[in-house]
Amino acid sequence: MVTAWEVASIVAVVAGLVGFFVVLRGSAFVAHAVPNGSFAGAAGAFLLGVNTLLGLGAFSLLGALGIGVLGRRGRHDVVTALALVMMLGLGALFLNLTVEYSSEVYSLLFGEVLGISSNELAPTVALALVCVAAIALLYRPLLLSSVLPEVGEARGVRSFRMELCFLTVVALASTMTVPVVGTLLIFSLMIGAPAAARSLTDRPLVALGLSVAIALITVWSAIAASYITNYPVGFFVGSISAGAYALGRGWAAWHRRAATPLPSLT
Amino acid sequence: MSAGAIGALLAPLIEPGFFAAEDVHIAIAVGAIVAIVSGTVGVFTVIRSQSFAGEALGDLNTTGGSAALLAGVGPLWGFVAAGLVAASVMELIGIQRPRGRDLATGIVLGAGLGLAALLLYLDTTLHNTTGATATILFGSVFTFSSTLIPLVALLGVAALTIVAALYRPLLLSSVSAEMAAARGIQVRLLGSAYLLALALAVALASITIGTILSTALLVGPAATALRLTKRPGVAILLAGAIGIAAMWLGELLAYDSFYWPPAGTGWPVSFFVVTLIFIGYLLSGAPELARRRSRGA
Amino acid sequence: MDAKEILSVEGISVRLSGREILHEVSFAIRPGEFTGLIGSNGAGKTTLLRVILGLQSANAGRVLLDGRPRSHRNPLIGYVPQKFLLDPDMPLRARDLVGLGIDAHRFGIPRPSRARRALIDQMLEAVDALSFADTRVGLLSGGEQQRVLIAHALIARPKLLLLDEPLANLDLRAGHEVVALLARIASEQQIAVLISAHEMNALLPAMDRIVYIAGGRAASGTTAEVVRADVLSELYGSHVDVLNVHGRVLVVAGAGDDADLHGHEAALPGVEIVS
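So the sequence lines, in the order shown, correspond to chains A, V and Z.
Just so it is clear: in the first sequence, position 77 is 611 by the working numbering, and no numbers are missing.
Just so it is clear: in the second sequence, position 144 is 961 by the working numbering, and no numbers are missing.
Just so it is clear: in the third sequence, position 14 is 69 by the working numbering, and no numbers are missing.
To be clear, the hints were calculated from the coordinates, so they are not data collected in a lab.
Glycine included, every Cβ here is placed at the ideal spot set by N, Cα and C.
Heads up, some of the hints might be wrong.
To be verified - Using C-beta positions, here's what the derived DEER-type ranges look like:
1. A/Ser755 <-> Z/Pro86: 56 to 62 Å
2. Z/Gln177 <-> A/Val584: 57 to 63 Å
3. V/Gly1001 <-> Z/Lys59: 56 to 62 Å
4. V/Arg1000 <-> Z/Gly97: 25 to 31 Å
5. V/Arg1005 <-> Z/Gln244: 46 to 52 Å
6. V/Arg1048 <-> Z/Val304: 43 to 49 Å
7. A/Arg606 <-> Z/Gly302: 48 to 54 Å
8. Z/Gly97 <-> V/Gly1001: 28 to 34 Å
9. A/Val584 <-> Z/Ser72: 46 to 52 Å
10. Z/Pro86 <-> V/Val906: 57 to 63 Å
What the hints assert, rightly or not - Computed from the model, here is a short list of chain A residues facing chain V with C-beta under 8 Å:
11. Gly560
12. Ala562
13. Asp611
14. Leu719
15. Gly726
16. Ala776
Given only the sequences and the hints, what does the whole structure look like? Please build it.
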């Protein structure tokens, strides 16, 4: 049980950090697609009897980079959708070829935070450190490239390279967070908290910090609620994230109305 | 070539009994209707860059399907209901900027999937229905009863009627909302009508290849068709054709796979359909790639 | 090539999709010069700017920055793009965006320091943006955002400032203010300014040089040297007249012969044909 709290906290930190850029870049769909791609990897790993994290990682990267490369030529949203369903289709196949179907599917898709064992803590921490380091390192060029891609290009920050780096970080983040929250819901954490954070502050670093804080609160509340009611954690993560987003927008709207005077009619 | 010769050529491809089986007939009929509807609505989805909305509706069908199961009702009703509710919510949040719209879509999707998690959990604990998850998520084309056909046809016709009736204003507003508004077209109302058609199309796609894979049928053939032709009318016809080909071939391969290793299980239809659509999309990019290579030399 | 030139464009030709967009375009700019890149939409201005920035490769010719061939990163060039309407939800204040101009290409997170903050304030003041320094960039008007972007470009101490159609979305007054601001920056900080525009009149008061593009070819020099019927006619490849109406210039496609126009001259006081 203690391990669940630790792992979940680490997941929340990473989701909050990576999610800040997901929302900044308007990549909500990508953040939904990549973890789903990893679903196939987990299923494949299960089939082959290999470590789940390896399968998750391999397919996350495959999906992420596939979206990046294919997205250069085709429409971005179509490519994301097709890459996503292709991965899910493979996952369906792999799962079909194993004997146990339903329960595995459920835990892969919706998470099984209370089923994290202590020997999964180490690789999770390792992946988390890599993600955090990557975000810290790429903070400035990624920020510029996300906000003003042309100006970034002029200064030597190549957009495509930044896109690939960003997608890789999303893939790594997905790999470590999926076992906890499941493929279908990790992105909820990745967009709800940062979306709420940016409604609350104008400063980027503060928004980044708030994003992590809100993600932590979300995850802790979800685990507590799940422990009490026995309902799945994912249900609470989805709902609380939506609640955070709504509160954030409400606050921003109220704030804006209070701050800006009505335009004069003269 | 005589019919016998053709039959002899195709025999290795088609396992015995394929054309005789009743459930195959139903699968073929339903598959064709769904492919046509998905392809048609899908062309507009791609033009409007609303693939994520389509994907979200598909995933949210999971919620509807699990609710339907809990209530003891057929999943299609759940899909349609969920689709309508989700589409309405998206309309209410009604954000015009694509980024804000995608974000709101994602939030609704997350909340809905969380609810689906809860409902599926209740399904398995209360009703002890195993395999519920798989059926909803990945579809089960060969288990349809023939009573499904008229229902599917009805919903399909409804979706196609909306698109046909609003064809021209829908096309204009999908290309440029500003230009449409300038001509007095009610862009928001049109958007709502389109979402309704989308909800129906996605529900239909969901029962054939599953909720989370439904986007393949919606967006894949349409995107492929749009790469091959610029004319929307031709694209719609082409998308329907590609969808039917993928569905039928997928169903055939799935039937055949019963005899492939591991024996007796058979590979899922949805896998074949999705893979075929994906390959089709990639292939449609080949002529453009070749054109660029020859020019850039 | 004059060693004092900060930018030297030599014989640049660009072909795209089978069409020749630019044909042997050559010109040079000195530090502190205010240059207008004038041409109608589609004439090739943006392509030329992209070649100078290194975002577009040329089929022939070369670009020299401060005497050296341009490399991938351009610390010498500050760039303000044409379209940049920023998302209102973006958590970035004006001062944050300007701050990014200092070191956006560096890895890591910026360490807050008094010197850094002072520099940002100084830049904001230079573009008269202090009053909205703490407002979210996405909530600013088009003109205000543009001033913030100019500050962002300037803070890196470029020697050349490139702006792509900065006047396109501004009203007349905002346009005049930007031109005056840029002219002041050019002379005070000895920064070369290159602005593209499809209409030259707003820039006339400030322009030292003009590079006029038509049909992919360019003529460069002072306004008096370039904006003449004979020069522009040769550029366009067809007869063109240049009218000077109370200090504002009109370039018109010529219709009749000179006798006709001279005949009309008397009827329009204050109109003088520059030939």
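Structure-based check of each hint:
At roughly 60 Å, the beta carbons of A/Ser755 and Z/Pro86 sit within the given window of 56 to 62 Å. Between Z/Gln177 and A/Val584 the beta carbons are some 58 Å apart, a value that agrees with the proposed interval 57 to 63 Å. Between V/Gly1001 and Z/Lys59 the Cβ separation comes to about 60 Å, which falls inside the hinted range of 56 to 62 Å. For the pair V/Arg1000 and Z/Gly97, the supplied restraint of 25 to 31 Å holds, since their beta-carbon distance comes to about 27 Å.
One distance hint, 46 to 52 Å for the beta-carbon pair V/Arg1005 and Z/Gln244, holds here, with the actual separation near 50 Å. Take V/Arg1048 and Z/Val304: their Cβ atoms lie about 45 Å apart, and the range 43 to 49 Å holds. Under the hint 48 to 54 Å, the C-beta atoms of A/Arg606 and Z/Gly302, about 49 Å apart, fit the expected range. The beta-carbon spacing between Z/Gly97 and V/Gly1001, approximately 31 Å, falls within the hinted interval of 28 to 34 Å.
Between A/Val584 and Z/Ser72 the CB atoms are about 48 Å apart, so this pair conforms to the stated range of 46 to 52 Å. For Z/Pro86 paired with V/Val906, a C-beta distance near 58 Å keeps the hint of 57 to 63 Å intact. The criterion of a C-beta within 8 Å of any C-beta in chain V is met by A/Gly560, whose closest approach is roughly 4 Å, and the hint holds. At about 4 Å, the closest approach between the beta carbon of A/Ala562 and any beta carbon in chain V falls short of 8 Å, and the interface hint on this residue holds.
At its closest, the beta carbon of A/Asp611 sits 4 Å from a beta carbon of chain V; the interface hint therefore holds under the 8 Å criterion. With 8 Å as the threshold, the beta carbon of A/Leu719 comes within range of chain V, its nearest partner Cβ sitting at about 6 Å, so the hint holds. Taking 8 Å as the C-beta contact cut-off toward chain V, the hint placing A/Gly726 at the interface holds, the least distance being around 6 Å. The beta carbon of A/Ala776 comes within 4 Å of a beta carbon in chain V, closer than 8 Å, and the hint placing it at the interface holds.
Hint check: no violations occur; every hint is consistent with the structure.
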